[in-house]
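Peer 1: Now for the letters of each chain:
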Amino acid sequence: MTVALHGAGVHLGGRWIFRNLNFTVAPGRSLAILGPNGRGKTTALHALLGFQSLAEGRRDAPERVGYVPQLLASHAPYALRDVVVMGRCARIGLFGQPKSEDYRAADAAMERIGIADLATKPFDRLSGGERQMGLLARALATGAKLLVLDEPGSALDLKNQGRLLRLLHELRRSRTMTIVFTTHDPNHALFAADEALLLLADAPAVLGSVETALSESQLSRLYDVPMHHLRLPDGVGGAVPVIVPHHHGPGEQRS
Amino acid sequence: MAFAIDPKRALLTGLAISCLAGPARAEPISLTDLEGRNVRLEKPAERVAAIPIPMASIVIAMGQGTERLAGMNQVAKSAVLEGILGKIFPEAAKIPADIAGQNFMPNVEALAATRPDLVIQWGGRGDDIVKPLTNAGLETLLIRYGTEDYARRYITLAARAVGKPQRAATNIAWRERVEADIAGKAKAIAPTARPKVLHIQNALTNLTAAGTGSYEDTSIRLAGGSNVAAELNNIMPVNRERIAVWDPDVILLNGFEQDLTPEFIYKDPILSQTAAARAKRVYKYPLGGYRWDPPNQESPLTWMWLANLLHPEAFSFDLRKEIRGSFKELYAYDPSDADIDGILRLPIHASAAGYDRLRTR
Amino acid sequence: MALATTADIAGPKRWSRRVLVGSGLIGLLAAAVLVGLCAGQFPVSPSRSLAIIGVAILDPLAAPSLMEERIVLLVRLPRLLLAMFAGAGLAVCGGALQSVFRNPLVSPQILGISPGAAFGGALAILLGISGLPLLGLSFACGLGALVVVGWIARINGRTEPVTVLLAGLVVGALFTALVSLIQFVADPNGSLPAIVYWLMGSLAGATWERVWLAAPGMLIGTLVLLALRFRLNVLALGENEARSLGARPERERWLVFGLVAVVVASSVAVSGVIGWVGLVIPHISRLLVGHDQRLALPVSALLGATFMVVADTLARTATTAEIPLGILTAIVGAPIFALLLRRHYGERGV
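Heads up: the sequence lines are chains A, B and C, in that order. Just so you know, we're using this note's numbering here: the first sequence kicks off at 1 and counts up by one. Just so you know, we're using this note's numbering here: the second sequence kicks off at 1 and counts up by one. Just so you know, we're using this note's numbering here: the third sequence kicks off at 1 and counts up by one.
Chain A extracted, bound-state conformation:
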């Protein structure tokens, strides 16, 4: 099962959000869609999911998708466990009610994410990080082979961002699911993706492995700010790559 957009274009409100967008994600691989705000990352994701109809091109995605929406979109006033069990919606059917096997699947997903202890808490009273984990658990509970995340961690503090990214990273390494997520932080892509898709302003999008696509020159072009690769010690004798913007102009040093 491949996940792809072929020559896709979205026309909204009298203008093209993007045209001729192409990417393919092989099973078990993880793709990050990068771009500054307003470049159509979420629209591209919605186009892939079929939420947004295509003006041209076609999409290739499975019927069932584990989808983690942007945090602001979700504020269901149910217990976390009841939110997670909704991931079983497609199996439960139009007139069905969740049964014990559905709750078992929900509990397993929560355990996998490490939020089982929050099961009975009202979802809308949870912290942002807990809610995002809950939505990820719900996406896993769908049993879908494709996991799609819209700006995961963008509304979270650094600790919770780290937790979420490690989860994504582990899911990627398990190679059981295809993962597509949007982000405006190249470090997220570097850490949790195999491939990156860069939505450039006035040029065709760039697709490649994170190592090749996230070059300093391409990233600088993408964000319109000078970007630099650095290597930080990983504490066990090796080094991890990080990407930082360089906002200072020549000689503009802080004194």
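Since the hints were derived computationally from the structure, they do not count as laboratory data. Glycine included, each C-beta is placed from N, C-alpha and C at the ideal position. Just so you know, not all the hints are guaranteed correct.
Stated by the list, open to error - Which chain C residues stay away from chain A? Per the calculated CB distances, all over 12 Å, these:
no.	residue
1	48
2	247
3	345
Said to hold, decoys possible - Covered by chain C, per the in silico footprint, the following chain B stretches (three or more residues, Cβ under 8 Å):
no.	stretch
4	97 to 106
5	155 to 162
6	230 to 236
7	336 to 348
8	355 to 361
Using the hints, position chains B and C against chain A.
Peer 2: Coordinates of chains B and C only, in the frame set by chain A:
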């Protein structure tokens, strides 16, 4: 503009007619309407626009024809055309009926186009339906509804306005005579012998009963009945259970709902169990020159009809004869037997107790 | 392991509350129905009422003969049944629509169905039509209003909830104006009072014939909506989330609208427009058991039925004259709703 000129033109026409008829007829008429307002007519009104529904047939009766009726309500017109008046005065079909909406809001331009020298309108229903008339400079006479006293007063006003006060005097003398006759005989009836009567004002979509303060209540009590709904104020909705509790001896059905017949009561699982239904004493009000349940120029006929039905032992009015006599007086018309059968709605009263007397020709 | 223990601790506590609320509400409804059967203007002792019901259950084909039997079996029983069905149906419709529109202020009136059905009924009275044809015309116009709403709201092959809401508003306003027009042309001595009374809402005309006519639509619509209760939770998440979870929001919304139309049009056809039940009852049930429709919707059904039975019992017994039910529900419903609003926003700390 048209109405500003009209009085003058009317005056000229009036003068011309007065000259022909003799100068004595042109005396001004001063009326006090039922709202206490003064209405002054330079001469008898020749074109009366009657917005209240019962006024149309009263103007026809007092004016001895349809010539003086310049306009009327659509509902009044259908009542006229469907009833016996449509047969007596086929020319009524040409009288405009667009002078007011069903909520009695006058359509001033259509009204002015009928060139009325007097407009009759409802009083007691707010200023909104009156202001447009007085504003336009139309001579307006206000009447009020609901009691026999009001009825006598507006019949008199209508007759005086058209210059025939004697016709009202005749009508009122008849009303007084019949009222006194029935009241006198009814006085002797013991309270226990008075049948319990229910007047159903609406039946088909919801049930309403006529309580104290309604004209129907007055008629019932005059004819020696006791109104089971006396504890209600005027017309109020009631349910079947309440009617079962009242268990009326006689049920009267309004003359307004066309599809309503005594069968409605006989087929109803609850109402069919009342004493009235068991004794076949369910009657629908007749339709003469106007519907007989509200006050009108034929009310004494209503009372006689009701007295005959409530107390056959005490009253034996020859209703067919009375109808003939009064129609001759009111409309200068001699109704046929078939006309009278229609007025009394004989076909739907085929099994009604006490209706045989009304059938005998 | 940690999971199992939390669930176990939470489980029985939750269940005991559910059982408590559920049995309490069923008891309340049973009490209201019993009082409704025994109370009335015609004196029938409670024991006699119950005996009549018992005999009728044992021998349902026997025709009632005595007045007492007729009153209980032919007047009170159909009326109670219609009150129960209409109350439960309107409350469930309100709850379902509030989920679908993700808006707690939505009520069954909003889709233009009630004004449409009201127009049909008023037109029938104006034309002098009564009985079954009146109910049929009212029902047809209610469904017709929904079809028009659907036609207006479908833009570029898609319908968004907000356009449905707006289209419902437009169609509702149109039919309300048409109802005013009918009142304008109606005979003030004839059909007008009947139209006005009918529009105020009343179950005074309840008969078995009307039960047979309206109950199937109300019951089937209500039961199917109840069966959808988990899917309503999913739809309440919003278009995209619901879709990603395997729901087909647009198609399922129309299923809900259609069911609501069947319930509302059936109820308007037999009882006129009865407002507030569909708005207030879902709120009360959410206060009692939370937002989860798996619980809130059945609770709404029970509460709605109870509320309507109590209100209608008052309407027919409080005074000699019959009080229009729609007026009672509004007089009771509006203050309750005001209190709920204050409480709701007070809790939020706004």
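Peer 1: State for each hint whether it applies.
Peer 2: Evaluation of the provided hints:
1. Interface exclusion of residue 48 of chain C from chain A stands, the closest Cβ pair being 43 Å apart, more than 12 Å.
2. A Cβ of chain A approaches the Cβ of residue 247 of chain C within 12 Å, the least distance being about 6 Å, so the stated non-interface status is violated.
3. Residue placement check: residue 345 of chain C keeps its beta carbon more than 12 Å from all beta carbons of chain A (closest about 15 Å).
4. With a cut-off of 8 Å between beta carbons, the stretch 97 to 106 of chain B has 4 residues touching chain C; three or more are needed, and the interface restraint holds.
5. Counting residues of the stretch 155 to 162 of chain B whose C-beta sits closer than 8 Å to any C-beta of chain C gives 0, which falls short of three, so the coverage hint is violated.
6. Interface restraint, the stretch 230 to 236 of chain B with chain C: holds (4 residues with C-beta to C-beta distance below 8 Å; minimum three).
7. With a cut-off of 8 Å between beta carbons, the stretch 336 to 348 of chain B has 0 residues touching chain C; three or more are needed, and the interface restraint is violated.
8. Here the stretch 355 to 361 of chain B counts 0 residues with a CB under 8 Å from a CB of chain C, which misses the bar of 3, and the coverage is violated.
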